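My request is simple: use the sequences and hints to build the entire structure.
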Amino acid sequence: MYILYLQPLITDIVFELIHLFYVAPSVITQCTLLGDPLGPYLSSFLDSAQTYCWYNNSLSQVSLAVNRFVVTVLLRLYFFTPSRTLLFSFLQHLLAILITITLQYILPCCKIELAYASYSFREVLIPGVFNYGWAYIKLPAKIACSVIPLAIYCVILFSIRFVGKRLNLQSRELSRRRKQELKFTAQFAVIAIGYVLSWGTFSLLPPTTAQWVKG
Numbered sequence: 000m001y002i003l004y005l006q007p008l009i010t011d012i013v014f015e016l017i018h019l020f021y022v023a024p025s026v027i028t029q030c031t032l033l034g035d036p037l038g039p040y041l042s043s044f045l046d047s048a049q050t051y052c053w054y055n056n057s058l059s060q061v062s063l064a065v066n067r068f069v070v071t072v073l074l075r076l077y078f079f080t081p082s083r084t085l086l087f088s089f090l091q092h093l094l095a096i097l098i099t100i101t102l103q104y105i106l107p108c109c110k111i112e113l114a115y116a117s118y119s120f121r122e123v124l125i126p127g128v129f130n131y132g133w134a135y136i137k138l139p140a141k142i143a144c145s146v147i148p149l150a151i152y153c154v155i156l157f158s159i160r161f162v163g164k165r166l167n168l169q170s171r172e173l174s175r176r177r178k179q180e181l182k183f184t185a186q187f188a189v190i191a192i193g194y195v196l197s198w199g200t201f202s203l204l205p206p207t208t209a210q211w212v213k214g
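Residue numbers (numbering that gives the first Met the number 0): 0 to 214.
Derived from the structure by calculation, the hints contain no laboratory data. Source: prediction; values computed, not measured. Where hints are given, some of them may not hold.
Claimed, not checked - Restraint ranges, calculated between C-beta atoms of paired labels, are given here:
no. : residue 1 : residue 2 : range
1   : L93       : D11       : 18 to 24 angstroms
2   : I192      : P36       : 43 to 49 angstroms
3   : Y40       : R121      : 41 to 47 angstroms
4   : T200      : D11       : 16 to 22 angstroms
5   : T28       : I105      : 31 to 37 angstroms
6   : I136      : Y40       : 20 to 26 angstroms
7   : V128      : I192      : 30 to 36 angstroms
8   : F201      : S158      : 31 to 37 angstroms
9   : R75       : L97       : 25 to 31 angstroms
10  : R121      : I159      : 28 to 34 angstroms
11  : G34       : V69       : 48 to 54 angstroms
12  : I147      : I9        : 20 to 26 angstroms
13  : I9        : Q179      : 45 to 51 angstroms
14  : I192      : R121      : 22 to 28 angstroms
Every residue, glycine too, gets a C-beta built ideally from N, C-alpha and C.
Here it is as structure tokens:
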């Protein structure tokens with residue numbers, strides 16, 4: 000479990016470093032910090048890095064939920080061995096990289112870039128070009144990474160009583176271990192809800208230029 004938990008933690012650190020050392024100084028100076036000739040390439044790399052971090056964290060919601068389901072409902076406490084967990088983590092990172100490459104470099108529209116003017120990031124919209132990125136990657140990924148974990152956590156919630164009774168008849172130690180695992184499950188469920196609220200509010204609330212911050 001800890002290996003799976005480290006995946007979003009690592010990308011969160013990368014994400015925060017990008018904002019701390021690139022976005023925040025750009026906001027303060029109100030200009031990009033990277034000049035020619037390497038500036039555009041470095042900016043593109045940082046845009047891709049933050050996109051990768053976002054989608055890796057999104058996929059982590061699914062992997063953590065599946066882990067909780069296997070452990071607390073199927074009672075396969077030793078299914079996620081270190082080698083098997085590392086394999087799942089590798090596949091998760093690989094999928095996040097493929098999504099990032101497709102979104103940022105293959106589809107004609109619309110990639111994501113960091114934007115100091117809005118203190119966040121924005122889609123690079125092209126007039127007259129359909130937003131393939133949103134229709135085929137961004138929205139489906141957000142929905143899948145929200146619905147799947149929430150559905151799994153609902154199944155876990157409804158199975159608590161049934162599985163608990165069965166465990167009490169089998170082993171007190173197994174029952175105690177499952178209660179501990181359920182505490183971790185509750186924490187991950189809260190994280191999943193926070194994930195849904197974060198992308199949901201960013202998608203539904205109207206954008207702002209944040210001019211009021213400048214006075």
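Taking the hints in turn, this is what the structure says about them:
no., hint, in the structure
1, L93 to D11: 18 to 24 angstroms, "19 angstroms, holds"
2, I192 to P36: 43 to 49 angstroms, "45 angstroms, holds"
3, Y40 to R121: 41 to 47 angstroms, "19 angstroms, violated"
4, T200 to D11: 16 to 22 angstroms, "19 angstroms, holds"
5, T28 to I105: 31 to 37 angstroms, "33 angstroms, holds"
6, I136 to Y40: 20 to 26 angstroms, "23 angstroms, holds"
7, V128 to I192: 30 to 36 angstroms, "35 angstroms, holds"
8, F201 to S158: 31 to 37 angstroms, "33 angstroms, holds"
9, R75 to L97: 25 to 31 angstroms, "28 angstroms, holds"
10, R121 to I159: 28 to 34 angstroms, "42 angstroms, violated"
11, G34 to V69: 48 to 54 angstroms, "50 angstroms, holds"
12, I147 to I9: 20 to 26 angstroms, "22 angstroms, holds"
13, I9 to Q179: 45 to 51 angstroms, "25 angstroms, violated"
14, I192 to R121: 22 to 28 angstroms, "26 angstroms, holds"
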